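Trainee: Order-wise, the sequence lines are chains A and B. So the first sequence is residues 1 to 111, counted in our numbering. So the second sequence is residues 1 to 115, counted in our numbering.
One side of the interface only, derived from the structure: several residues of chain A facing chain B at Cβ under 8 Å:
#1 Tyr32
#2 Pro44
#3 Ala45
#4 Leu46
#5 Phe89
#6 Ser93
#7 Gln98
#8 Trp101
#9 Gly104
Since the hints were derived computationally from the structure, they do not count as laboratory data. What you are looking at is a predicted structure, and each value in this text was computed from that prediction instead of being measured. Think of the CB as a built atom: it goes at the ideal place given N, C-alpha and C, for glycine as much as any other residue.
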Amino acid sequence: QQQVKQSPQSLIVQKGGISIINCAYENTAFDYFPWYQQFPGKGPALLIAIRPDVSEKKEGRFTISFNKSAKQFSLHIMDSQPGDSATYFCAASIGNYQLIWGAGTKLIIKP
Amino acid sequence: DAGITQSPRHKVTETGTPVTLRCHQTENHRYMYWYRQDPGHGLRLIHYSYGVKDTDKGEVSDGYSVSRSKTEDFLLTLESATSSQTSVYFCAISSVEGGLGYEQFFGPGTRLTVL
Chain A
1 QQQVKQSPQS LIVQKGGISI INCAYENTAF DYFPWYQQFP GKGPALLIAI RPDVSEKKEG
61 RFTISFNKSA KQFSLHIMDS QPGDSATYFC AASIGNYQLI WGAGTKLIIK P
Chain B
1 DAGITQSPRH KVTETGTPVT LRCHQTENHR YMYWYRQDPG HGLRLIHYSY GVKDTDKGEV
61 SDGYSVSRSK TEDFLLTLES ATSSQTSVYF CAISSVEGGL GYEQFFGPGT RLTVL
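Next comes chain A alone, as it looks inside the complex (with noise of 0.2 Å):
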């Protein structure tokens, strides 16, 4: 019940193209969503993060959907661009500083 289920495993969009990473869970006493980037070589670095009580969150190029019923939640880059290709994870957490997080997505952006 503490598992964070993240898919793809990789995934190889077009530049201008959107990317769509999914995440799914089964406690639903998380409270706190974030997905970080992490760039070959570098620590991972938080990208955007949402709360169970919005269904979306928008930064930019990026944006999280949430769904609360069905327990997953998305992260969605618009015109994704090569710097964008990195490896990223989402996770959850339950109203503490211990983070579950997923098993990461390499994401390749093609130019």
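Fit chain B to the supplied structure of chain A, relying on the hints for placement.
Mentor: Frame of chain A; chain B shown alone:
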């Protein structure tokens, strides 16, 4: 990398030897974490600290110990390294102040190889 340094950045060691990794922060954040990152597993929490001398286990704590004698330093020790501990280790920090309060800031990582 948000005022977080890790040392060493790379280490090769032999099975059975003790290894200590150091995380140093200049942000005065209360919470510090050690993760390991392996392909297909994402980030797995080893240990974390919620204050000086206050630590707790994460999901993969077997074979690891930690110490935090100062706010700025969090040490991870492999008592007797095994090949299964070959991994990239990340330190992270977080604070109650700012944003959603849960954001974790990561260091640059330490690549450890156990032969």
